[in-house]
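Visitor: Once you've looked at the hints, dock chains V and C against the given chain A.
Chains as they are written, first to last, in this note's numbering: chain A, -5 to 303; chain V, -5 to 303; chain C, -5 to 303.
Warning: the hint list may mix true and false statements.
Because identical chains share one entry, a pair is satisfied inside a single copy or across any pair of copies.
Capping the alpha-carbon separation at 16 Å, the derived lysine to aspartate or glutamate pairs in EDC-like fashion look like this [said to hold, decoys possible]:
{"hint": "1", "residue 1": "Lys298", "residue 2": "Glu63"}
{"hint": "2", "residue 1": "Lys298", "residue 2": "Asp62"}
{"hint": "3", "residue 1": "Lys198", "residue 2": "Glu22"}
{"hint": "4", "residue 1": "Lys198", "residue 2": "Asp243"}
{"hint": "5", "residue 1": "Lys114", "residue 2": "Asp62"}
By construction, these hints were calculated from the structure, which means they are not laboratory data.
All values derive from a computational prediction rather than experimental measurement.
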Amino acid sequence: MQTHLTVRNVLTMFSASLKGISQVLLIENAITGFIVLVAISLYSVPLSIMTFMSSFIGTVTAKIGGADEKLISQGLFSFNSALSGLATVIFLEGNHLWIIALFSAVIATVFTAGMMHLTKPFDVPSLTFPYIILTWFLLTASHRLQFFEVINSLVPQGLAYWHLDISGPVDLISGFTKSIGQIYFLDNIWSGLLILAGIFFASKRLGMLAIYATIISLLAAYYLGSEHSLLSSGLYGYNAILTIFAVSDVFHNKKKLIPFSGLLAAVISVLITASLDSFLLPYGLPPLTMPFVLSTWLFLFARKLMPNL
Amino acid sequence: MQTHLTVRNVLTMFSASLKGISQVLLIENAITGFIVLVAISLYSVPLSIMTFMSSFIGTVTAKIGGADEKLISQGLFSFNSALSGLATVIFLEGNHLWIIALFSAVIATVFTAGMMHLTKPFDVPSLTFPYIILTWFLLTASHRLQFFEVINSLVPQGLAYWHLDISGPVDLISGFTKSIGQIYFLDNIWSGLLILAGIFFASKRLGMLAIYATIISLLAAYYLGSEHSLLSSGLYGYNAILTIFAVSDVFHNKKKLIPFSGLLAAVISVLITASLDSFLLPYGLPPLTMPFVLSTWLFLFARKLMPNL
Amino acid sequence: MQTHLTVRNVLTMFSASLKGISQVLLIENAITGFIVLVAISLYSVPLSIMTFMSSFIGTVTAKIGGADEKLISQGLFSFNSALSGLATVIFLEGNHLWIIALFSAVIATVFTAGMMHLTKPFDVPSLTFPYIILTWFLLTASHRLQFFEVINSLVPQGLAYWHLDISGPVDLISGFTKSIGQIYFLDNIWSGLLILAGIFFASKRLGMLAIYATIISLLAAYYLGSEHSLLSSGLYGYNAILTIFAVSDVFHNKKKLIPFSGLLAAVISVLITASLDSFLLPYGLPPLTMPFVLSTWLFLFARKLMPNL
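Chain A with its partners taken away, still in its complex shape (with noise of 0.2 Å):
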């Protein structure tokens, strides 16, 4: 009986962690979560499995607090943790990844509970806003710490010696997929895929909605004259799909067929990333998913007093 109970609340555990994955797709579906997984694997096996561990991680820090059971269970408490896990191993090297890894899935957890109690007041999500701001400090620290190591592509730049270059072909197919693959730093057509198809799974609508924004994002990108090598990389797009399923799908009750404010909310998310990318230039640091972040919250808050909105 003892046992019995252990083991089902190890799978129980298991269950949220995997969520916790596919939280980051504003998705409760475990098995979402293993097909994200995969694709990870597809492009480094790692990097998979300190996902998951940091998801783990982040349902034991929850449960050892004494967080709500249910929202543990439904991976709320894990996915800030799960995306932290990712960041560290994407942007730092050298021995004491793992560590940092590790510890910040906990600190990710201890944020996740204080920015559900700041959201509060004004009834919207925290979405994934401490992962970001815990990645921020931490790649911010490395200028202080030897401790931390990141990679040489994040390099800090006054914005007066930055001259932007939009040169450079646009490949569509590849800017197509890896936006969605973006939304866990994977830069591999193949992972986009199967992430697309993790969507679909868990909902038609969603995956529908998935190709309505990236193909929006693209073109607005495109137009409004961004650089084609960010456009190839899906970098304008990740955030313009979790925008929509936020302010469309996930947190809204009318479905619509041509989700227009939606839309808007994604077109917007590409123009953040724009500002973000100027903002943080100084610092070195990629804009995460903060653009999704403000625009959903920006359209949440609004339809408080603009409900067609």
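Guide: Relative to the frame of chain A, chains V and C by itself:
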């Protein structure tokens, strides 16, 4: 009958749009709004048209979005749109100017609704915060998107390379009148005087407060050793005027002859202007009316616990 | 009778001002406040006078403003003023030092009242946030206003030109004692020891926690590879002490022998110190006690949803 109603609807929206232009001054008065439009026309007719169109689009957006009719008719959903239209034409150039201005008028309204929700628990108005953040984001997006062409004077510069040089003549008459004009970006003496007339038309008390605030802020900025060129262009004064309006009249019941806390808030807006100029230098951004927003919030918040303030 | 009352009033305000000095340590104890004043005098007598005067001005401002008498008498309206006075004398120079310090003491009180209102919906204390933001704004204003002369060591520098060099000896005794002294900007071993005595006088438990936090933060900062010179000056330790006071004692009912979450928060304050040092480098600003504020808020917020933390 139907036609009559439609005509009345259009007239209401016209009035709301004019009030939106006067609400920049925290004044709800369509005629003051019209006087301001004339003042803008003295500086540039296209700018005047764009300001009205932006305010009108803000009104329409709020209506379609289903916002509160009374707030719309008071111009409270359109003043941020009017300002974002103005700012776009002032700080951007190129072929896409009008599209950007009209698009940002829509977003400014959505943002205004969002901020109204966000500031509700704190019982303060959101003021011009939405337009400021929106404009800052649009201007920084220009470094990453060719669609946005920023004028040459907004150059990012590292604070490490900045040297203060306050020399040059101080033109007090210019500084006084342009302080009023700069509320609407009008670097023009006659426009400033006409706007002052519009303020007096709405409220003699506000007209006197405007004169108080301008003199105090000019004295403070001069005595603190600010750049004489900024002083003469009114760039240290316009925030002080708006601040004293908010702190000593519009959001305050006790109308005193010598509004001490309002004058203190006006002086603080001068200090915040200087600080923000430094903080924004690496991004090449103007402070806009953020000193007014921060200074006003500071005093409105503080009054909840210090009622004699 | 009237005289008697006035004398008592002055005495109450004296006591409130001394308590304001001790409230920097989250301690309400006039004698501890007096011991701290003596510790400051060991470093610099004028600094000590300015600290008391600033705290006194804060008390007077709150009284005139009509703030709650009980909160005033506990020193809760004056500790930000005491710190802003201290910071002004430490970081500015020139003839206007005293005027700036006394003026900022007034503003610090207004800001404290404002923040109390702003943090109310979240049920957390505003800590030293007002003084930090105020000091950052005053220091950056110096680039635009000749009235403010900042000391030479606060030089803005692009993060792109920063190279970490941690070499040099580590002086553990200096690091330990100065960690305590740096709470009041005192880079002095004897001052640090005297302040520790003042803490023990108020509460043995807080004294022990101070020692815990200092050791843990020194170990963490050393192990993470921070600059040895900062370590030896106590610049990685003072935030850890305040954090453990807040998280494990003052704002926490469960007094544990080994306060695990407080120690975790203390380590996080070390990481936040390193990050903030990077974020603030382009503006030449010191982190002050912001790592303490952020780390403490993180844990106090999180506890609302994770009560075992």
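Visitor: If a hint holds in the structure, say so; if it doesn't, say that too.
Guide: How the hints compare with the structure:
no. : hint               : result
1   : Lys298 with Glu63  : between (29 Å within a copy, 15 Å between copies)
2   : Lys298 with Asp62  : between (27 Å within a copy, 11 Å between copies)
3   : Lys198 with Glu22  : within (14 Å within a copy, 49 Å between copies)
4   : Lys198 with Asp243 : within (12 Å within a copy, 51 Å between copies)
5   : Lys114 with Asp62  : within (15 Å within a copy, 24 Å between copies)
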